[in-house]
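From first to last, the protein sequence lines stand for chains A and B.
For what it's worth, our numbering labels the leading residue of the first sequence as 1, then goes sequentially.
For what it's worth, our numbering labels the leading residue of the second sequence as 1, then goes sequentially.
Among these hints, one or two may not hold up.
As the list claims (entries may be wrong) - EDC-like, lysine to aspartate or glutamate: derived pairs with alpha carbons at most 20 angstroms apart:
(1) A:235 to B:150
(2) A:84 to B:222
(3) B:248 to B:76
(4) A:32 to A:67
(5) A:84 to B:224
(6) A:53 to A:123
(7) A:84 to B:210
(8) A:96 to A:71
(9) B:266 to B:283
(10) A:238 to B:222
(11) B:131 to A:210
(12) A:53 to A:248
(13) A:238 to B:28
(14) A:235 to B:153
(15) A:262 to A:71
(16) B:266 to B:104
(17) A:238 to A:248
Claimed, not checked - A partial selection of chain B residues facing chain A, derived with a Cβ cut-off under 7 angstroms:
(18) 152
(19) 155
(20) 279
(21) 293
(22) 296
No wet-lab data here; the hints were simulated from the structure.
Yeah, the Cβ is synthetic: ideal placement off N, Cα and C, and Gly gets one too.
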Amino acid sequence: MRLRNPFGRKPKEFPSHLWTQCPNCGEMLFNKQLARNQSVCTNCGHHFKLGAKERLELLADARSFTETDADMVSSDPLGFVDSKTYPDRIAAAQAKTGHKDAVLTGTATISDIPVVLAVMDFEFMGGSMGSVVGEKLTRAAERALADRAPLVIVAASGGARMQEGTIALMQLAKTVAAVTRLDEAGVPFVSVLTDPTTGGVLASFASLGDIVLAEPGALIGFSGARVTSETIGEKLPKGFQRAEFLLDHGFVDQVVPRAQLKERIAFFLGAFRVAGQDLRWSL
Amino acid sequence: MLERIAGSRRAGPEGNGHLPVDAGLITDTAAYAGERPTAWQAVQTARNIGRPHALDVISRVFDRFQELHGDRGFRDDPAIVAGIAELGGRPVVVVGQQKGASTEENIERNFGMPYPEGYRKAIRCYRLAEKFHLPLVTLVDTPGAYPGPEAEERGQAEAIASSIQVMSRLATPIVVVVLGEGGSGGALALGVGDVVLALENAIYSVISPEGSAAILWRSAAEAERAAQAMKLAGPDLLETGVVDALIKEPAGGAHTDHDATAAAIKTALVAQLERLVRVPVADLLSLRYERFRSFGTVVEPRAGEVAAPPRPWWRRVLGR
Ligand SMILES: [Zn+2]
Numbered sequence: 001m002r003l004r005n006p007f008g009r010k011p012k013e014f015p016s017h018l019w020t021q022c023p024n025c026g027e028m029l030f031n032k033q034l035a036r037n038q039s040v041c042t043n044c045g046h047h048f049k050l051g052a053k054e055r056l057e058l059l060a061d062a063r064s065f066t067e068t069d070a071d072m073v074s075s076d077p078l079g080f081v082d083s084k085t086y087p088d089r090i091a092a093a094q095a096k097t098g099h100k101d102a103v104l105t106g107t108a109t110i111s112d113i114p115v116v117l118a119v120m121d122f123e124f125m126g127g128s129m130g131s132v133v134g135e136k137l138t139r140a141a142e143r144a145l146a147d148r149a150p151l152v153i154v155a156a157s158g159g160a161r162m163q164e165g166t167i168a169l170m171q172l173a174k175t176v177a178a179v180t181r182l183d184e185a186g187v188p189f190v191s192v193l194t195d196p197t198t199g200g201v202l203a204s205f206a207s208l209g210d211i212v213l214a215e216p217g218a219l220i221g222f223s224g225a226r227v228t229s230e231t232i233g234e235k236l237p238k239g240f241q242r243a244e245f246l247l248d249h250g251f252v253d254q255v256v257p258r259a260q261l262k263e264r265i266a267f268f269l270g271a272f273r274v275a276g277q278d279l280r281w282s283l
Numbered sequence: 001m002l003e004r005i006a007g008s009r010r011a012g013p014e015g016n017g018h019l020p021v022d023a024g025l026i027t028d029t030a031a032y033a034g035e036r037p038t039a040w041q042a043v044q045t046a047r048n049i050g051r052p053h054a055l056d057v058i059s060r061v062f063d064r065f066q067e068l069h070g071d072r073g074f075r076d077d078p079a080i081v082a083g084i085a086e087l088g089g090r091p092v093v094v095v096g097q098q099k100g101a102s103t104e105e106n107i108e109r110n111f112g113m114p115y116p117e118g119y120r121k122a123i124r125c126y127r128l129a130e131k132f133h134l135p136l137v138t139l140v141d142t143p144g145a146y147p148g149p150e151a152e153e154r155g156q157a158e159a160i161a162s163s164i165q166v167m168s169r170l171a172t173p174i175v176v177v178v179l180g181e182g183g184s185g186g187a188l189a190l191g192v193g194d195v196v197l198a199l200e201n202a203i204y205s206v207i208s209p210e211g212s213a214a215i216l217w218r219s220a221a222e223a224e225r226a227a228q229a230m231k232l233a234g235p236d237l238l239e240t241g242v243v244d245a246l247i248k249e250p251a252g253g254a255h256t257d258h259d260a261t262a263a264a265i266k267t268a269l270v271a272q273l274e275r276l277v278r279v280p281v282a283d284l285l286s287l288r289y290e291r292f293r294s295f296g297t298v299v300e301p302r303a304g305e306v307a308a309p310p311r312p313w314w315r316r317v318l319g320r
């Protein structure tokens, strides 16, 4: 059923705690049904953003995820204040999401393959990468190296966290260096780009997976679309900086629908048995 | 942090013809007691069009510079200059972002904003440095990577990520000098090194003050406040350890005297490279990893403060 809504208001018979309107096709979707369909529109296939918890449920085998560094929180190195103080912004994001910062990291199995898994949450300050995200991802990569377990990172981020200034920028170099050690050691790293993955996160570890997968329709780009369109003084073409645009231009390996994501990751991890693991039997 | 270099002076061998490792450098913000320029003044000075840009510095600091062009894939990006030159008679690879000294020149150089092919040219030259065991010197001076649609099509983010990656494990000494504007990831793509120096009035930030103001204050006019909040000026960078030391500029700023500025840069580069070339490459790489690994201030209620400030790594290198 297609709903006409000329006044731009939600009709009363669709209260928002029960129904969500698809931003792509306009269909009113029953929340429970949407959740059951992994937050993908049953009408047009639009992929809604997924929180970190839901993402873990999607990818990790049941009860396999053990969180690490769960208590880590950010300090306020610059004493940063815009319209709110940085600690106030963090507190608000913690209350909103129930997470301490914008990434959850831990160990898990994906289709029985042991992995180190990190999932970002866009709801927490736009998934921005500051000290905590940088440190947790770096530790995740270091654990993957020590355990010789593949690393899977699901990115969802607007970029580096402005409130931490240049220290946030340095997290790009820190996380890149950490995943680079995996590269040298022959430990697989699968990077999954979800809506949105932009700025400093895309310009660091997220672009460097052995395999880079993206969800359909995800916004993926270096510069914000507003900056880009101001730079050229015109509107951008439809589909610019979407997952399919990156696929066309050669920067992601596959665009994978959410329903197939777990099995696809498992396929690649199965193919790339970690260097050293096979050798244990022939030594 | 400051001790990284200041400590080394105490630890390093003296009196055998080598420059002291902090020659011409400011390693302590005490030098700025009471007379720090405001963040906004720093932004203006760093962007001064008369400031020495990469080629001004290269022609004065190095001898026999031979420029190398092109990324071998798409085109030659004029916003990045790269080549082989001699520093004190010894060959080095130099890569820098190039701004213009006039509007015309700036248009030609795209205001120092590289395209992905610029970063890929840089990567190609980094690899040359590694292959032929030449030290690498990079000169950072960009408002940021070019944000246009063609840059997106050709993978701006991937190019920057790869450049950071190659620098982070390049098996040769790297000294980074921030000349003017260190604008975000586009600057960091040339900014991973064993020693990171900056001219006194250079800035280095995660986003431009205008960009930050537009997002956080919803008005680009608040750029001055944003600049102050982001702590992007030289002395701030010294305090956070983002740069190891500042290179003194002539009174009035680098734009007033290119020769004197270049002389100070040369002194600093020679002193740093003399030191770094004596460090075994494996140590260099693990220390470089630790240098960037240590950035960040996190709190773990159960474990107390981790990610302590970087330890003075020279001492460990030299075994003291
Ligand atoms: Zn839909």
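Status of the hints after comparison with the structure:
1. A:235 to B:150: With Cα atoms ~14 angstroms apart, residue 235 (chain A) and residue 150 (chain B) stay inside 20 angstroms; holds.
2. A:84 to B:222: With a Cα-Cα distance of about 15 angstroms, the restraint between residue 84 (chain A) and residue 222 (chain B) holds, given a limit of 20 angstroms.
3. B:248 to B:76: 33 angstroms, violated
4. A:32 to A:67: Since the Cα atoms of residue 32 (chain A) and residue 67 (chain A) sit roughly 27 angstroms apart, the hinted pair is violated (cutoff 20 angstroms).
5. A:84 to B:224: 17 angstroms, holds
6. A:53 to A:123: 12 angstroms, holds
7. A:84 to B:210: 18 angstroms, holds
8. A:96 to A:71: 17 angstroms, holds
9. B:266 to B:283: 25 angstroms, violated
10. A:238 to B:222: 32 angstroms, violated
11. B:131 to A:210: Between residue 131 (chain B) and residue 210 (chain A) the Cα gap is close to 24 angstroms, so the pair fails against 20 angstroms, i.e. violated.
12. A:53 to A:248: Measuring from Cα to Cα gives roughly 31 angstroms; hence the hint is violated.
13. A:238 to B:28: 52 angstroms, violated
14. A:235 to B:153: 16 angstroms, holds
15. A:262 to A:71: 27 angstroms, violated
16. B:266 to B:104: Distance ~29 angstroms between residue 266 (chain B) and residue 104 (chain B) Cα, so the pair is violated.
17. A:238 to A:248: 14 angstroms, holds
18. 152: 5 angstroms, holds
19. 155: 5 angstroms, holds
20. 279: Status violated, d = 18 angstroms.
21. 293: 6 angstroms, holds
22. 296: 3 angstroms, holds
The structure does not agree with the numbered hints 3, 4, 9, 10, 11, 12, 13, 15, 16, 20 stated previously, though it agrees with the rest.
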